[in-house]
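Under UniProt numbering, the first residue of the sequence shown is numbered 1, with each subsequent residue one higher.
If you're looking for bench data, these hints aren't it; they were derived computationally from the structure. Incorrect hints may have been included.
Said to hold, decoys possible - Restraint ranges, calculated between C-beta atoms of paired labels, are given here:
1) E94 - K44: 34 to 44 Å
2) R243 - Q189: 16 to 26 Å
3) T271 - D72: 33 to 43 Å
4) S123 - D92: 30 to 40 Å
5) T195 - D72: 34 to 44 Å
6) D152 - H53: 30 to 40 Å
Claimed, not checked - The calculated lysine-lysine pairs, modelled on BS3-like cross-linking and capped at a C-alpha distance of 25 Å, are:
7) K277 - K132
8) K44 - K276
9) K156 - K277
10) K237 - K180
11) K190 - K237
12) K264 - K156
13) K190 - K76
14) K277 - K180
15) K212 - K237
16) K151 - K44
17) K132 - K276
18) K76 - K156
19) K44 - K277
20) K156 - K44
21) K237 - K156
22) K190 - K132
23) K156 - K146
24) K180 - K76
25) K237 - K264
26) K264 - K132
27) K180 - K190
Please read these numbers as outputs of a predicted model, since none were measured by experiment. Where is the CB? At the ideal position from N, CA and C, for every residue including glycine.
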Amino acid sequence: MTTMVLSPGLTKSECICSDDHPKPAAPLEEEDAHIIVPEWRLQKVQSPIELNHDDSNEYDHFEPLEFHGHWDQGGKATFNNNGYTATLRFEDRELPLLVGGPLHDDHYVFEQLHFHWSDDDHSGCEHIFEGKAYSMEAHAVHFNRKYGNFKDALDKHDGLAVVAFFIHATDDDEHPCFNKITEGVQRIQKINSSTEVASDCLTWMTEAAECKGYYTYQGSLTTEPYTESVTWILYPKPIHVSREQVAHFREMKSTPCETFNILKNVRPVQTPPPHKKLDIIYARSHRKSE
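With the sequences and hints as input, model every part of the structure.
Rendered as structure tokens:
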């Protein structure tokens, strides 16, 4: 079987198979670190980045970051292979909300969850923490409710909030809660295919989301259109799954002819401009979510 490394910038899935030779195709920052748009837009903070605890600023005065409804049962959870990644969305239920922490008084509505991985178990995450890369990175994407929908929030300075979870493959037993995800992945190997998974399929996140602290910074989407509209929230504690569970993602097809697999969908670490010192906040205030 022929496989390819899919370019992170690929936004359309076209069959590019050849019979002979297959080819892959102004205002100042406030004291609480809430950055106002004219200032940070000029600085061009692109994501992902490399984080080091010693380079961060500890901050103890955020309200607790709360997840509402993310682990609930009810409604439909649909998994889709769009030729670039596996994407999860909810229907027929009240969408989960993310509030508190660096989000201040705004409420952020769950839009979708997607995954990044690589062709090995040592380079599939996008952000790098303390010089270490993990097998995968999951992004829970939320939009600011005051803008009404994801599309209208996309280019606003406070439009999006993305919670990132590191996933690491080990030789240990599989993660039972993550099985709700990988069982769905095995049913969407074909491009543009969809399947329903258990509505409480995000419970595997709780062990990381309940850790004592997280890192946050203002950055961009890591896929097109790369708008600098994201409040990133990254949990440093990796979620351990089996190597086989990660391998299922690499079985997904990226073209209609089914010749190529999605082997890599990671954007490289972005280097900030020389004049820009990244303002990374380590928030230690956290409490158990509902």
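Comparing the hints with the structure gives:
1. Between E94 and K44 the CB atoms are about 37 Å apart, so this pair conforms to the stated range of 34 to 44 Å.
2. As the Cβ distance of R243 to Q189 is approximately 18 Å, the hint placing it in 16 to 26 Å holds.
3. Distance hint check for T271 and D72: the Cβ-Cβ separation is about 40 Å, which falls inside the suggested range of 33 to 43 Å.
4. Between S123 and D92 the CB atoms are about 37 Å apart, so this pair conforms to the stated range of 30 to 40 Å.
5. The supplied range of 34 to 44 Å is broken by T195 and D72, whose beta-carbon atoms lie about 20 Å from each other.
6. Between D152 and H53 the Cβ separation comes to about 36 Å, which falls inside the hinted range of 30 to 40 Å.
7. A distance of roughly 21 Å separates the Cα atoms of K277 and K132; the hinted pair therefore holds under the 25 Å criterion.
8. A threshold of 25 Å between alpha carbons decides the hint, and for K44 with K276 the separation of about 9 Å falls inside it, so the pair holds.
9. With a C-alpha separation of about 22 Å, the suggested pairing of K156 with K277 holds against the 25 Å cut-off.
10. About 21 Å separates the Cα atoms of K237 and K180, which keeps this hinted pair within 25 Å; it holds.
11. A hinted pair counts as satisfied when its Cα atoms are at most 25 Å apart, and K190 with K237 does not qualify at roughly 32 Å.
12. Proposed proximity of K264 and K156 is contradicted: the alpha carbons are some 29 Å apart, above 25 Å.
13. Only pairs whose Cα atoms come within 25 Å are accepted, and K190 paired with K76 is accepted, the gap being roughly 21 Å.
14. As the CA atoms of K277 and K180 are separated by approximately 40 Å, the hinted pair breaks the 25 Å bound.
15. Between K212 and K237 the CA atoms are separated by roughly 10 Å; this keeps the pair inside 25 Å, and the hint holds.
16. Between K151 and K44 the alpha-carbon distance is near 21 Å, which keeps this suggested pair within the 25 Å criterion.
17. For the hint linking K132 to K276, the alpha-carbon distance of about 23 Å falls within 25 Å, and the restraint holds.
18. Proposed proximity of K76 and K156 is contradicted: the alpha carbons are some 29 Å apart, above 25 Å.
19. As the CA atoms of K44 and K277 are separated by approximately 11 Å, the hinted pair is consistent with the 25 Å bound.
20. Proposed proximity of K156 and K44 is supported: the alpha carbons are some 14 Å apart, at most 25 Å.
21. With a C-alpha separation of about 30 Å, the suggested pairing of K237 with K156 is violated against the 25 Å cut-off.
22. Distance check on the hinted pair: K190 and K132 sit about 32 Å apart at the alpha-carbon level, beyond 25 Å; violated.
23. Proposed proximity of K156 and K146 is supported: the alpha carbons are some 11 Å apart, at most 25 Å.
24. This hinted pair checks out: K180 and K76 have alpha carbons roughly 13 Å apart, not beyond 25 Å.
25. With a CA separation close to 23 Å, the supplied pair K237 and K264 stays within the 25 Å bound.
26. Distance check on the hinted pair: K264 and K132 sit about 18 Å apart at the alpha-carbon level, within 25 Å; holds.
27. Straight-line distance between C-alpha atoms of K180 and K190 comes to about 19 Å, which keeps the hinted pair within the 25 Å bound.
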